[in-house]
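Listed below, chain by chain, are the residues.
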Amino acid sequence: MNTRTISVLVENHSGTLSRISGLFASRGYNISSLTVGETEDQSISRMTIVVEGDDAIIEQVVKQLNKLIDVIKVIDFEGSPVIEREFILVRVDSTKSSRHEIVELADLFGAKVAYVGASSITFELCAPCDIINDFIVLIKPYGVKELIRTGKVAMAQARK
Amino acid sequence: MKKKGAEILVDALIKEGVDVLFGYPGGQAIPIFDALYDAKELSVVLVRHEQAAAHAADGYARATGKVGVCIATSGPGATNLITGIANAYLDSIPMVAITGQVSTPYLGTDAFQEADMVGISRPVTKHNFLVKDIRELPAILKQAFYIARTGRPGPVLVDLPQDVSRAVLDDYEYPQEISMRSYKPTIVGHPRQIQKAAELIKTAERPMIYAGGGVITSGAHEELFELATKLNAPVTLTLMGLGAFPGEHELFMGMPGMHGSKTANLAFQEADLIISVGARFDDRVTGHVGSFAPKAKIIHLDIDPAAISKIVRVDIPVVGDAKNVLAALNKLVAPREPSEWNETIRKWKDGKLFSYKQSDKVIKPQYVIEQLYNLTKDSDALIATEVGQHQMWTAQYYRFARPRTFLSSGGLGTMGFGLPAAMGASLGLGRRTVVDVAGDGSIQMNIQELATIAINRIPVKVVILNNEYLGMVRQWQEMFWNKRYSSTCLRGGTLCDECKGPGHCKIAYVPDFVKLAESYSIPGFRATKPSDVADTLRQGLEIEGPALMEFAVANEENVFPMVPAGKPLDQVMEEL
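Protein chains in written order, with my numbering: chain A, 498 to 657; chain B, 137 to 712.
It is worth saying that the hints were derived from the structure and are not from the lab.
Check each hint, because a few of them may be wrong.
[Unchecked claim] As a list, the in silico EDC-like pairs of lysine to aspartate or glutamate whose alpha-carbon atoms are at most 20 Å apart:
hint	chain 1	residue 1	chain 2	residue 2
1	B	513	B	678
2	B	268	A	508
3	B	320	A	549
4	A	564	B	479
5	B	140	B	252
6	A	560	B	299
7	B	268	A	598
8	B	513	B	671
9	B	497	B	692
10	B	446	A	556
11	B	446	A	573
12	B	497	B	680
13	B	665	B	496
14	B	278	A	508
15	B	467	B	479
16	B	446	A	508
17	B	619	B	678
18	B	138	B	170
19	B	320	A	508
20	B	431	B	408
21	B	278	A	567
22	A	560	B	440
23	B	202	B	252
24	B	483	B	152
25	B	138	B	252
26	B	433	B	419
27	B	332	B	419
28	A	564	B	496
29	B	268	B	299
30	A	564	A	581
31	A	560	B	418
32	B	513	B	680
33	A	593	A	575
34	B	431	B	496
35	A	570	B	440
36	B	446	A	552
37	B	338	B	418
38	B	278	B	309
39	B	446	A	598
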């Protein structure tokens, strides 16, 4: 299934998130991830939504989002250059003997050690989603105890 | 100016031009009704069930074009509005619903008569508000009316906690202007799109117009008439659009779709251009979408960008208000002479759009509608319907001539809509006569409103086509479910032995509608023979105030033609 990243600027008041998630639920659209937070203007929140679906579905998603009264603007990133990042925390089993190897691997990805315990290490990594995915694949064999992903945030590159 | 929350609400209603509203009080709504008690500018109609308040507000809005208003208390009062709100949402009817709510400190505590109305109404409203602070109230009310009536209209719910309606605002002033950065409906169509549409029209050999409720909402019937007659393009109107083009005009093809005219459906399949105006390609119109209009290019005029290419692919979309876009388009199109296409349509139509087998023994429901049409066509009466077979027969045989004269639940298909909608419409138009055509099933869904109608002397004429069945479902059971009439006979019940069908049944039909009407002090009339139909109608229509007329019609009459659900439009069944 194709995924597409869209950014939605909304009025920052209670209930807006439920309108957006309700729209996806009632019309049967699938969300891969959704992040939300304030913007440079406190009265506006920005959501980054990764949606599953073909072109026709995405077209409807964008139109239906625009139809919501609290939605100020919908940006479909398709075909335009974007900066995208995701943040993860991951706790990995580690023993005395494996610790060095794991840290070395994490280093290659630019992941930082967030906490070291007796039998585990917790890493933090902020990177584009595909790099995050690669890191998870390679770290998995060491035993992932807990993994949290924030979901993607994305911003168009500034016009030159 | 210093005002309480409830007084602010009343002031806003008056400033928004509301003259009649429909409601039902309850604990958390007492402050609101208390403020309404002194409002001489507003007529408050106490209904007998909150669902009827919503439908009455809806009927008021359909008939007048103004925003309909209904008020209910928290919890069950508010949830009872929901069907009526959903009905208005699917038919894009401007409405503001005000609900009482528990005081803000009790929100979310499962307090007595608390229901999360913002949550429950979210999928069936255009927008909704929970007012947590009286300082927000004036702007919210202004926005509610603005959102309800502009763009693609729809219902807006304002949930008003009791403490907010009792709180005092020291410096109240109702906003004059409104501008919302997140809501700016497109009214004016894009000139280049309109130009493209005009060019496509020029090359079309077999054009047709398919118009819906959007034409009525925007008041674009004159522009539609100009376009159709200029192009000599045959016109089909959806259920929601009936009245937007004269029903007796030679270019009129009747309603399309499942129970539409064969002419309109064949036209869809043969046209090379469909000009769609304010219609949304509902599944009851298109039949099987994959085989819909295979030879046609489609121009889609709609105020809602999300309606475009939602169901069928569209060649030239134009987003804007129908009146505005059609006026611009009319300036660009050249007159088109009648052609072979018009001749083909005339042959299909063959002098009439719909037909049935008349009987001299039993009253045919279609005959009642024909007679009703003959008796009311030269009056200013409106027609409302409930939902089911009688609704389709009304849509087929009553030749609506003017917009806002046909009030029917299109999208949601709500049984019980017609009676309260009729009373709302009548009061909105200064007590105009409104006929509610009903089945014996659906009239019973909001029959308690006979009390509201009787007490307020509202000239609603109830015409019941009594076939002793839930006729539309029975028809489907007959056609597609092996004649197994499960739970569709209104005479029988759990005490029935082996059923030999109508005419053999020993169980007496209840209720006696004539006696029931009389118990509400409404005159009741009954016809059982075809020869009595016209007289009975005349009696009920001529009497001053409300009346009920019951017609014992053929029990197992079916609505034809019929395109079975999901089938292409040219697979029309004309009889069993």
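Verification of the supplied hints:
no. : hint            : in the structure
1   : B:513 <-> B:678 : 14 Å, holds
2   : B:268 <-> A:508 : 17 Å, holds
3   : B:320 <-> A:549 : 28 Å, violated
4   : A:564 <-> B:479 : 43 Å, violated
5   : B:140 <-> B:252 : 24 Å, violated
6   : A:560 <-> B:299 : 38 Å, violated
7   : B:268 <-> A:598 : 56 Å, violated
8   : B:513 <-> B:671 : 16 Å, holds
9   : B:497 <-> B:692 : 14 Å, holds
10  : B:446 <-> A:556 : 9 Å, holds
11  : B:446 <-> A:573 : 18 Å, holds
12  : B:497 <-> B:680 : 31 Å, violated
13  : B:665 <-> B:496 : 8 Å, holds
14  : B:278 <-> A:508 : 17 Å, holds
15  : B:467 <-> B:479 : 26 Å, violated
16  : B:446 <-> A:508 : 26 Å, violated
17  : B:619 <-> B:678 : 41 Å, violated
18  : B:138 <-> B:170 : 17 Å, holds
19  : B:320 <-> A:508 : 14 Å, holds
20  : B:431 <-> B:408 : 5 Å, holds
21  : B:278 <-> A:567 : 16 Å, holds
22  : A:560 <-> B:440 : 9 Å, holds
23  : B:202 <-> B:252 : 28 Å, violated
24  : B:483 <-> B:152 : 50 Å, violated
25  : B:138 <-> B:252 : 30 Å, violated
26  : B:433 <-> B:419 : 19 Å, holds
27  : B:332 <-> B:419 : 28 Å, violated
28  : A:564 <-> B:496 : 54 Å, violated
29  : B:268 <-> B:299 : 9 Å, holds
30  : A:564 <-> A:581 : 26 Å, violated
31  : A:560 <-> B:418 : 18 Å, holds
32  : B:513 <-> B:680 : 18 Å, holds
33  : A:593 <-> A:575 : 46 Å, violated
34  : B:431 <-> B:496 : 44 Å, violated
35  : A:570 <-> B:440 : 16 Å, holds
36  : B:446 <-> A:552 : 12 Å, holds
37  : B:338 <-> B:418 : 27 Å, violated
38  : B:278 <-> B:309 : 11 Å, holds
39  : B:446 <-> A:598 : 54 Å, violated
In this structure, the hints that do not hold are numbers 3, 4, 5, 6, 7, 12, 15, 16, 17, 23, 24, 25, 27, 28, 30, 33, 34, 37 and 39, in rising order.
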